[in-house]
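Asks: The lines below spell out each chain.
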Amino acid sequence: MPAIEFQKVNFKYRVQSQATLHNVSFAFDYGQKIIIAGPSGSGKTTIGHLINGLIPQSVPGEYSGSILINGKDAAKMDIFQLSFEVGTVLQDTDAQFVGMTVAEDAAFLLENENTEHSQLLAQTENWLKELNLEALKKHSPQELSGGQKQRVSMAGVLSSDSKILLFDEPLANLDPASGRLAIQLIADLQKKLGLTVIIIEHRLEEALRIQADKLLVIDHGKIIANDIPDRVLTSAAVISAGLREPLYITAMRDAGVDLNKIAHITDLASLDHQAIKRQLSVWLEKKQPDKTKKSREPILSIQHLSFAYPKQAVFSDLNLTFPAGQMTAIVGKNGSGKSTFSNLVTGFLKPDSGRILFDNQPLDGQSVKERADKIGYVLQDPNQMISQNIVYDEVAYGLKLRGLSDDQIQAKTRTMLEVAGLDNMRHWPISALSFGQKKRVTIASVLVLAPRVLILDEPTAGQDYLNYRSLMNFVAELNRTQDCSIIVITHDMHLMLEYTDRAIALVDGQVIADMAPAELLNDPALLKRASLAPTSLYDLAESTGLDAVALSKRLVQEEMTRG
Amino acid sequence: MADNSFSLAYKNRGTWLDRCSGASKLLGFVLLSGIAMIVLDTRFLIFLVILSLILLKISRVKMSEVAALMKLVLVFMAINLVMIYVLAPNYGSQIYQSKDILLGSGYFALTQQELLYLVNIGLEYIVAVPLALIFLLTTNPSEFAASLNRIGIPYKISYSVSLALRYIPDVTREYHQISLSQQAKGNEISKKAPFFKRLKGASAILVPLLLSSIDRIESVSQAMELRRFGAKKRRSWYFSEKLKALDWAVLSFVLLIVIFGFILIIVNGGRFWNPFH
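In order, the protein sequences belong to chains Z and B.
For the first sequence, this note's numbering assigns the number 1 to the initial residue and increments by one for each residue that follows.
For the second sequence, this note's numbering assigns the number 1 to the initial residue and increments by one for each residue that follows.
Just so you know, the hints here were simulated from the structure itself, not pulled from any lab data.
Here the structure is a predicted model, which is why all the values come from computation and not from measurement.
Keep in mind that a hint or two might mislead.
[Claimed, not checked] For the chain Z half of the interface with chain B, some residues (derived, Cβ under 8 Å), not all of them:
1) K76
2) I79
3) H117
4) G156
5) S316
6) Q366
Where is the CB? At the ideal position from N, CA and C, for every residue including glycine.
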């Protein structure tokens with residue numbers, strides 16, 4: 001008997017006219033690790049919700065076909081009964097913490113089971129120990145790092161004794177190093193407790209490190225691949241679904257390596273290193289010379305900046321210069337000072353000492369509003385920025401508040417909407433837009449004030465490959481055509497590598513690296529300190545004895561010509 | 001970016017009041033302020049005022065922590081007393097069945113009886129507020145829901161109270177974030193802007209805050225359902241402490257005061273102590 005079995009499942013949300021899933025059938029065996037991948041809107045989350053019972057209990061909709069969990073018909077069970085069969089770790093770990101402390105959150109499920117108090121304490125203690133959380137049990141879950149949060153949410157679910165665990169995009173909010181640890185932890189627990197693990201994720205490069213038994217690719221509600229990862233990855237399924245395959249596979253594909261002849265592509269050690277090296281070397285020769293941007297006068301410089309929160313020092317004597325026209329990535333784990341940095345530049349926080357110069361003029365006495373005309377800041381979550389109902393009004397809002405004439409407002413807003421590719425949607429209500437489109441609206445609404453520097457906070461978090469591409473191409477175009485210098489705060493190593501000219505790594509308020517992104521990405525010691533992780537290209541370079549920096553740069557060129 | 005104006009927070013101050021269980025403190029607060037509202041005997045109320053001020057002192061809650069809230073309550077109390085006087089200036093004479101004019105004349109003349117009544121009401125506030133503060137500031141928020149549930153409030157309601165507390169910091173952070181991005185757009189919300197502009201500016205923050213809070217509620221309720229919240233009629237609590245000897249002592253003391261209050265009702269022949277006979 002399979003752990004989970006879908007037989008010819010069709011599903012339609014009540015609020016939608018089109019079906020989301022078409023004739024979906026699969027079976028997952030006990031003790032397996034399964035990855036379900038697909039772009040946004042493909043139906044992968046819907047499958048997850050059908051498994052844990054959120055559909056149809058919380059989100060109404062109708063399905064046909066049959067869903068069997070542990071051999072039992074899911075249609076005959078409510079969400080509470082299903083939760084005995086399947087434990088779920090939701091995507092947004094922050095939202096799922098209900099306890100005030102780590103211990104309470106881990107105990108939540110047992111409390112709801114009305115477990116007797118001494119037993120409740122003993123079992124909670126046990127799970128906290130299992131997940132190495134004992135030292136943190138009195139902390140609030142919110143103050144933990146991304147990786148620790150992931151462990152807390154797992155403790156909260158594991159106490160249910162269900163042998164099937166479902167993870168909804170476990171990597172979404174993690175920095176690369178924590179992401180690796182989380183995958184490792186899931187793999188270890190799976191082995192130790194004999195779990196069946198289902199991971200819904202579109203970041204394949206990281207997720208595949210779990211050594212999945214099965215990779216299921218879903219696109220437009222249909223399963224387009226369901227096999228062992230070795231076979232799925234050598235086929236075209238991942239690319240045709242608009243997902244990003246692991247970078248080393250893309251590099252080999254581009255170099256003309258015949259992937260169909262490789263039996264275990266997920267195991268780098270098993271590859272024929274000599275043959276692959278030959279083909280990669282030929283490919284590397286085709287590399288065009290690096291396009292270096294002309295070095296220009298600084299647009300923004302930070303001089304001897306110091307800042308401390310009442311309980312915690314962040315920067316002491318920080319010095320950084322941003323030449324005009326550059327695209328810079330600021331990377332580092334949560335709490336390293338990235339947000340504090342942007343808050344100081346935008347004037348939300350006041351430095352204790354030191355100066356910030358814009359175009360050689362000190363910004364000291366200028367208000368948040370005055371600075372916003374020069375330096376635009378786009379928050380990670382577009383919903384926190386949008387205050388108007390209609391696309392046009394949102395983009396025009398900043399101009400209206402600055403008291404421009406109606407003609408000027410209209411001219412500038414329309415031009416901006418055109419640049420952002422939103423002009424045909426200008427009368428749309430913002431609620432009808434996708435997440436990626438909302439993100440564009442917020443960038444447009446900041447850019448309409450014609451700032452010369454744009455700071456983007458995690459612009460691509462939680463977006464699939466196609467959205468990522470279209471948004472970052474838009475930003476890169478702004479950088480070229482509008483003479484706008486861009487500073488991107490990000491965890492995304494691909495973004496840093498592909499789009500930026502320079503990478504600054506912050507750790508505890510210190511600049512530990514300021515160099516070309518490809519160089520940083522191939523320096524394991526620095527990456528480790530910054531809580532980042534090398535890409536799979538590094539592993540490929542290592543095993544073939546090629547230069548990782550050259551390989552990375554060559555791949556970026558190839559990617560950019562694909563557009 | 002902690003907001004200093006809102007520092008009403010639990011902290012272990014190391015007194016016996018901290019060791020007392022949340023349930024007995026809540027029960028003590030409810031019973032003592034309840035009896036203060038029933039028995040309007042000025043002597044009894046003064047005794048309770050002294051008692052609750054002593055307890056506040058013992059709790060080691062600093063004046064600076066509660067000053068803002070105290071002021072707010074005093075203003076509210078003053079408004080309340082003025083309103084009582086304006087709406088029913090003769091209520092005192094009705095209760096005490098005598099009329100000794102102190103000030104003024106006619107309908108709005110201030111009588112000794114009305115004054116005594118107003119003093120009693122004022123004392124009620126002064127009894128209840130320190131007790132409420134002690135409960136709030138010496139009870140671990142985690143214990144909140146458990147204590148409410150213990151005194152008989154259904155756990156779904158108790159839990160939503162503690163969940164609201166749990167989300168205050170999140171929502172404050174989010175409010176801060178949204179307000180900053182609005183200011184960057186040029187939305188003037190500071191005190192410099194005229195009232196209507198500020199009102200409009202505030203709505204530009206509240207709309208996104210509301211929408212994101214609704215999202216938050218949706219995902220948290222899903223997370224709770226997936227962990228079987230509401231599956232059973234009863235639930236146990238991680239932070240539910242068995243009542244200790246200390247709790248029984250506190251509760252017995254409170255009960256004695258309550259009984260004494262009821263004796264006073266019999267002695268006084270009603271809720272009101274009447275010194276005007």
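Asks: For every hint, state whether the structure bears it out.
Replies: Verification of the hints:
1. A cut of 8 Å between beta carbons decides the hint on Z:K76: the least distance to chain B is about 16 Å, and the hint is violated.
2. A hinted interface residue such as Z:I79 counts as satisfied when its beta carbon comes closer than 8 Å to some beta carbon of chain B; here the least separation is about 5 Å, so the hint holds.
3. Evaluation of the Z:H117 hint against chain B yields a held restraint, the C-beta minimum of about 6 Å falling below 8 Å.
4. For Z:G156, the interface hint holds, the least distance from its beta-carbon to any beta-carbon of chain B being 6 Å, beneath 8 Å.
5. With its C-beta approaching chain B no nearer than about 20 Å, Z:S316 sits outside the 8 Å limit, and its interface hint is violated.
6. Below 8 Å, beta-carbon pairs count as interface contacts, and Z:Q366 has none with chain B, the closest being about 12 Å; its hint is therefore violated.
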